[in-house]
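Protein chains in written order, with the UniProt record's numbering: chain A, 1 to 137; chain B, 1 to 137; chain C, 1 to 137; chain D, 1 to 137; chain E, 1 to 137; chain F, 1 to 137.
One or more of the hints may lead you astray.
[What the hints assert, rightly or not] Estimated spans, in silico, between C-beta atoms of each pair:
| # | chain 1 | residue 1 | chain 2 | residue 2 | range |
| --- | --- | --- | --- | --- | --- |
| 1 | D | Pro88 | E | Asp49 | 40 to 50 Å |
| 2 | B | His83 | F | Glu133 | 50 to 60 Å |
| 3 | F | Asp49 | D | Asp122 | 18 to 28 Å |
| 4 | E | Pro82 | C | Gln115 | 37 to 47 Å |
| 5 | C | Lys136 | A | Pro88 | 25 to 35 Å |
| 6 | A | Lys136 | B | His83 | 33 to 43 Å |
| 7 | E | Lys136 | D | Gly106 | 20 to 30 Å |
| 8 | D | Lys86 | B | Ala46 | 51 to 61 Å |
| 9 | F | Gln89 | E | His83 | 38 to 48 Å |
| 10 | C | Glu62 | D | Gly106 | 29 to 39 Å |
| 11 | D | Pro81 | F | Glu85 | 52 to 62 Å |
In short, the hints are calculated from the structure, not lab data. Even glycine gets a Cβ: it sits at the ideal position worked out from N, Cα and C.
There are 6 protein chains.
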Amino acid sequence: MGLLTGVLRPRLEATAHCDLPCGVYDPAQARIEAESVKAIQEKYQANEDPAFRARAIQIKEERADLVKHHLWVLWTDYFKPPHFEKYPQLHELFNKATKAAGGGEGGAKSSMDPQSGQQVLDYIAEISDIFWETKKG
Amino acid sequence: MGLLTGVLRPRLEATAHCDLPCGVYDPAQARIEAESVKAIQEKYQANEDPAFRARAIQIKEERADLVKHHLWVLWTDYFKPPHFEKYPQLHELFNKATKAAGGGEGGAKSSMDPQSGQQVLDYIAEISDIFWETKKG
Amino acid sequence: MGLLTGVLRPRLEATAHCDLPCGVYDPAQARIEAESVKAIQEKYQANEDPAFRARAIQIKEERADLVKHHLWVLWTDYFKPPHFEKYPQLHELFNKATKAAGGGEGGAKSSMDPQSGQQVLDYIAEISDIFWETKKG
Amino acid sequence: MGLLTGVLRPRLEATAHCDLPCGVYDPAQARIEAESVKAIQEKYQANEDPAFRARAIQIKEERADLVKHHLWVLWTDYFKPPHFEKYPQLHELFNKATKAAGGGEGGAKSSMDPQSGQQVLDYIAEISDIFWETKKG
Amino acid sequence: MGLLTGVLRPRLEATAHCDLPCGVYDPAQARIEAESVKAIQEKYQANEDPAFRARAIQIKEERADLVKHHLWVLWTDYFKPPHFEKYPQLHELFNKATKAAGGGEGGAKSSMDPQSGQQVLDYIAEISDIFWETKKG
Amino acid sequence: MGLLTGVLRPRLEATAHCDLPCGVYDPAQARIEAESVKAIQEKYQANEDPAFRARAIQIKEERADLVKHHLWVLWTDYFKPPHFEKYPQLHELFNKATKAAGGGEGGAKSSMDPQSGQQVLDYIAEISDIFWETKKG
Ligand code: NI
Ligand code: NI
Ligand code: NI
Ligand code: NI
Ligand code: NI
Ligand code: NI
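With the hints as extra help, turn the sequences into a complete structure.
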């Protein structure tokens, strides 16, 4: 296993996502992409080179797409009727979170403002709280 | 932010990967897919239905592809010459890890044995140790 | 324009989906893929050749993925808060529809029974009714 | 089935496209993407924000790719030798239609003029006429 | 540049494909994938392990898709009206070649017989002859 | 087979790349995409139209991604431990080549200078030399 103790290594239980289903789910997948969205927006603000900005816009689009995809997978494939009963806000929360990552007004696709990226991260944190609570239960 | 204390929530710093580059990298992306590979292998062993097994083989293939992709990104985009100097085993480690996730003899694509999935996870843990050590530095 | 009168030609208004957004949405995109899912299930039942069946399982998986994707896009990108207020069943309907197209128990991915494909088509028809009603309003 | 009568609902027979083949084909798939291409061009003309325009160019590119793909599928997978005999213009029609959706001079990828999008729609309408005539036969 | 003389190195002029267009086209792209299709069919015949065969069927499907895609790109994007005039067989040749790579009766997707893969290679060789002749012109 | 003698036709042995593995590998796949990258950079320099340039940036990004992918496949799937022993520079060569095709400083993704595309082509030529030497052995 090697050089390092477990101290440094992430403690996250394996959790993720396909549709066998394999049973592995993890909101970290959405969060990582959303961190990327926000980081791209920050780099965009700090760099006026038009070619860089064109690349930033394009890459942010793809990353925000991944955010939406990972969230949709959690909403449809991980969460079950009893969860929706226990957390009645869950449908709307996912709908808002995926809209926030999209191309509508103020969405992280249509905006270059890092606050729109942060908004997505905040929604994902809320979802993540609920997700881990259901895991504990 | 909501319901839960930070205790339950993953502690991982946001870290991931595109090629703007956004500067966000995280071995968790490879690990989550590798966990899926192993979980699929276990479900395959426990279920003899031929249609289920066909789906398992197909989906494992895609997940193992993602493992390879996430590792290649780390190897090329995150790690820099000084890292390779400090960790001379790094090239070979990545080469072995991506081979272990592939279709060669004993690789996680060509094998339905969960031990081949575990082998990939072990390599990713080694890479992750080094990754987080470079982050600390 | 050519040979035929308009009689034969589909009457559907152009309606679809990207996330510019272009403003074009159409439940037909999900429906066409779901028809494919069901047709593949029927062909699977009628053909015992193992290679054919392996291909059918694989291709159905992709088509069911597209069903889910097209539905998610409608749910997040087309439908807005006032719609969800007017049709309070909409969240659950989409959640059920995408689950029905997925890999859970009885879902169209995990089942080779054309009835599971028909179930997805029925949900899409319900969604389509609501969609066109909102267009009329 | 629910709320609405059939009046409002699209009447299109299910028709589409994979390569099992499932036997389901539908020119509506190409048409919907082409409507999107044209709508994007119109929105581009109406909005001078450079970030919006960069996104529009990128998304139009993808949508035009889908147009080409759906048309190629019809040309290769749906139409058979007797069709090409009966409609000797069919090869050239498809070649022109896919070129019109592409990146050559005046093509809908390289042009931001909605007329180039309309040109693609016109070709698709011609193809659709022939398609539905062969279905009737 | 390194170790070897030019003797060993492939002599192919760079030639390929996107839709900027970059102007680079090369039938080798289709041919390489078709070689893969045929090689997979041969390996399938030589190996009765069901998991291997499932993977072979799945991977062949993807490779045959790439064959079709690369051929469609040549047909639409590289060849121009004067070419179609000079080589009146070209439309039908491409139509047959892409059908041969597809899922119809005897096509390389639906068949595990290496002869179906060879048939695709033969068509590509014909197309390649014409392609290189137009380059010389 | 048709019109032309073998003289004109490329002589390259079929060689490519999936992960069955089919056993077919060919550095030409990476090279063709890298030629495209460089050609796009040249066209970008010669054309100041902003919409053209936006498309060029976007398409180059995809092509450079393909270069990286094809190279990673060779590094992991084709080359084996004895090759790395015989060519100790191979790891670093591939790492440099994929970095040169990427988004780091001076990389072909982040630069519009055709020299960055040429740099990638030079690395691929070195790799190709070694590849064909191992084939001869
Ligand atoms: Ni999974
Ligand atoms: Ni990144
Ligand atoms: Ni749209
Ligand atoms: Ni189909
Ligand atoms: Ni090109
Ligand atoms: Ni291969």
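Cβ distance range 25 to 35 Å for Lys136 of chain C and Pro88 of chain A, holds or violated: holds (30 Å)
Assessment of proposed distance window 33 to 43 Å (beta carbons of Lys136 of chain A, His83 of chain B): Roughly 37 Å apart at Cβ, these two residues keep to the hinted range, so it holds.
Pro81 of chain D versus Glu85 of chain F beta-carbon gap, inside 52 to 62 Å or not: Holds - the Cβ-Cβ distance for Pro81 of chain D and Glu85 of chain F, about 56 Å, lies within 52 to 62 Å.
Range hint compliance [Cβ, Pro88 of chain D to Asp49 of chain E, 40 to 50 Å]: holds (49 Å)
Cβ distance range 38 to 48 Å for Gln89 of chain F and His83 of chain E, holds or violated: holds (44 Å)
CB-CB spacing for Ala46 of chain B and Lys86 of chain D relative to the 51 to 61 Å hint: holds (55 Å)
Cβ separation of Glu62 of chain C and Gly106 of chain D, checked against the hinted range 29 to 39 Å: holds (34 Å)
Outcome for the supplied range 20 to 30 Å, where the beta carbon pair is Lys136 of chain E and Gly106 of chain D: holds (28 Å)
18 to 28 Å as the expected CB spacing between Asp122 of chain D and Asp49 of chain F, which holds or is violated: 26 Å Cβ-Cβ, so the 18 to 28 Å window holds.
Pairwise beta carbon distance, His83 of chain B to Glu133 of chain F, judged against the given window 50 to 60 Å: Violated, at about 29 Å.
Hint check for Gln115 of chain C and Pro82 of chain E - Cβ pair distance inside 37 to 47 Å: violated (54 Å)
In this structure, the hints that do not hold are numbers 2, 4, in rising order.
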